[in-house]
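Protein chains in written order, with this note's numbering: chain A, 1 to 328; chain B, 1 to 328.
Hint data in this document are derived by calculation from the structure and do not stem from the laboratory. Only true hints are included.
Cut-off 16 Å, straight-line C-alpha distance, at most; resulting in silico cross-link-like pairs (EDC-like, lysine to aspartate or glutamate): (1) B/41 with A/42; (2) B/40 with A/42; (3) A/40 with B/42; (4) B/249 with B/185; (5) B/189 with B/177; (6) A/41 with B/42; (7) B/304 with B/229; (8) A/189 with A/177.
Chain A is nowhere near these chain B residues, computed Cβ spacing over 10 Å in every case: (9) 117; (10) 285; (11) 306.
Backbone N, C-alpha and C fix where the C-beta goes; we use that ideal spot for every residue, glycine too.
Single-letter residue listing:
Protein chains: 2
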Amino acid sequence: MSRLKEFGEFGLIELLTRNLHKDNAVTLGIGDDCAVIRAKKEYLLFSCDAFLEDVHFRREWASPEDIGYKAAAAALSDIAAMGGTARYMLVALACPPDTDSAYLERLYGGIKSAMDTERVSLIGGDTTSSPHGLVLNMTVIGSAQGNPVCRSGARPGDLIGVTGHPGSAALGLHALEHGESNAPEVLIKAHLRPRPKMMEGFFLGGANEVNAMIDVSDGLLQDLWHIAERSGVSMNIDTTKLPISTEQKDYAHKTGVSAETAALSGGEDYELAFTVSPQTAGQLLTEFNLQFTLPVTIIGTVGKGPAGITVDGAPRTPEGFDHFQELK
Amino acid sequence: MSRLKEFGEFGLIELLTRNLHKDNAVTLGIGDDCAVIRAKKEYLLFSCDAFLEDVHFRREWASPEDIGYKAAAAALSDIAAMGGTARYMLVALACPPDTDSAYLERLYGGIKSAMDTERVSLIGGDTTSSPHGLVLNMTVIGSAQGNPVCRSGARPGDLIGVTGHPGSAALGLHALEHGESNAPEVLIKAHLRPRPKMMEGFFLGGANEVNAMIDVSDGLLQDLWHIAERSGVSMNIDTTKLPISTEQKDYAHKTGVSAETAALSGGEDYELAFTVSPQTAGQLLTEFNLQFTLPVTIIGTVGKGPAGITVDGAPRTPEGFDHFQELK
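For reference, chain A alone in the conformation it holds in the complex (with noise of 0.2 Å):
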C-alpha cells in the first residue's frame, strides 16, 4: 500500500493511465502539456461534468469502480444525448494527499472500463492534491456523423419519447440512503453504475423523425423543461403512460415511497428523452425494439407555446435536481 504523498505526481500519472485504447487521430496523448488530436471536417462535441465527493458520490456506498464508472458515465451520456459518438476524455483529479494508490487505481479501472466498452480514448487530464476529499472533472470529445440533435428542436404535435425506467437510480439511492437492504440489485445498479445509452442516443441521433433529445441527468421534469424552454414549446406528461417497472411499483409499495414522484424528479439515470414526429414513431420505436432490449415509451406529447409544462394537464415548476438548492 503505497500513499500518493511518497507515490508523486508522475508516478501516480503513469500508473493510472496504462493500457490505454488510443484512437488513430491521437497524435499526442498524455504526457505533453496538450494532447493532440489530428481533426477531419467533422462536428466535434464538447462536454465537461465535476464529480465531488459527499454531492455526486459517497465513499461509504459507492466502491472506488463505481464512482469511477459513473462519472465517465454522466460525461459519455452528454455525448449520447446529442445523437453522438464519443471518442476522447481529459479526466482531472484532486485528491487528498494521503489516499491509497490503490484506490485510485481502483477508481481508473472504473473509468477505464466505461471507456472502453465506447472505445474512448483518455487523451489527458490532471492530478492534484485536495484538502477535502476527492474531485473529479471529466470532459469528453464526441463526433457526429451529421447535424447533432439539439434541445432546440422539438415541434407542436411531436411525441415525448424516454427510454429504459426513469426514477430508477432515485429509488435506489433511497434505498442506499435508508438502508433497505433487500431493495432490488437493478434500482441500487441504477444509482451506482448507470449505463450511458451511447448505441441508443447514436440510433435516435441517426433518425431524422428525431427533432430533440436530452439525457435524463436532473429528472424527467427538469430535463424536458430545458427542451420546453429551448424549443419555445408546452410539454405534457400523461402519468399513466409512465414505464414504471414491477422492482420500482414493488420498493415503492414497501416503503411508502412515490414510484411516480421518483419518475418524474428523480435524477441521474441517464436515460434519454426526445420528441418524436407523430407520423414516424411508430415505425421508429418498433425498430428501437428490434434493436435494444432497453424499453422505450410515449409518455405525453409536445404542444405550442409559450414553454411550460403540464403534468397530466396541470401545470407543473420543473422542481428536479438542483444543486445549489439542495446539498445531497
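Use these hints to put chain B onto chain A, whose structure you have.
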C-alpha cells in the same frame, strides 16, 4: 446580494455567461448537452487544469477577478507551450451553496478578461455545489498551424532558452505568505495575475529551430526535467545566466531568501522554456526581441542522454512543485 441557494443553477449560468465572444466555428455554445464545433482538417490541442481553493489559491490574498484570471491563464498557457492558438474553453465550477452570486460574477469577470485578450470562446461547462471551498476546472482547446512543439524534440547541442524572469511568482507568493507589504508589485502580480505567453509561444512554435517547449508551471528544474526525460537528453543550467530581475534581487536581499532557488524551483510563472538549435538561436532571439518587450535568455545547453539535469555541472534531482509532496 443574492446567495446561490436562492439563485438556482440555471439562473447562475445565465448570469455568468452573458456577452461572450463567439468564434465562427462554434455551431452551438452553452445551453445544450454538448457544445458543437465545426472542425476543419487541423490539429486540435486539448488540456485541462484543476484549480482548488487553499491548494491553488487563497481568497484572503487573491480577489475573485485574480482567481478567475489565473485559472484561465494557467490553462491557456498549456496551449502557448505547444505553439498553438487558444480557441475554446469549458469551465466547471463547484462552489458552496452560500456563495454570493456577485462574487462569482467577479470571478467569471477574471476568466473572461483572460479569454477576451486571446479571443477564446467559452463553449460550455458545469456548475454544481461544493461542500468545501471553490473548485474550478478549466478545459482549453486550441489549434496549431503546423506540427505542435512537443517536449520530446530537444537535441544534444541545443541551447536552452527561457522567457521573462522565472522565480518572480514564487517570490510574490513568499511576500503574500509573510505579509511583506513593501514587496515589489511586479512580484505580487507575477503570482496573482500571471500573463500566459500566447503570442510568444505562437512565435516560438512557428520557428523551425525551436525543437522542444514547455511552460514553467512547476518550476524550471521540474519542467526542464520533463523535456530531458521525454527527449532522452541531459540539460545543464548555468546559474550565472539566470535572468534574475532587479526586483527579484532586491526582494531576496531584503528577506534573505534565495532568488536563485526561486528561479530554479519556484512554480507558477507560466514563462516558456524551450530548446533551440545553436546555429539559428541568435537570429531567433533577435527577432523575438524586436517583436516582444518580454526578455528571452539563453540559460544552458542540451547534452547527450541519459536523461538528467545538472546545474553548473552538478547533478540535480527535479525538485519543483509536486502537488502530493507539499500542500501549499
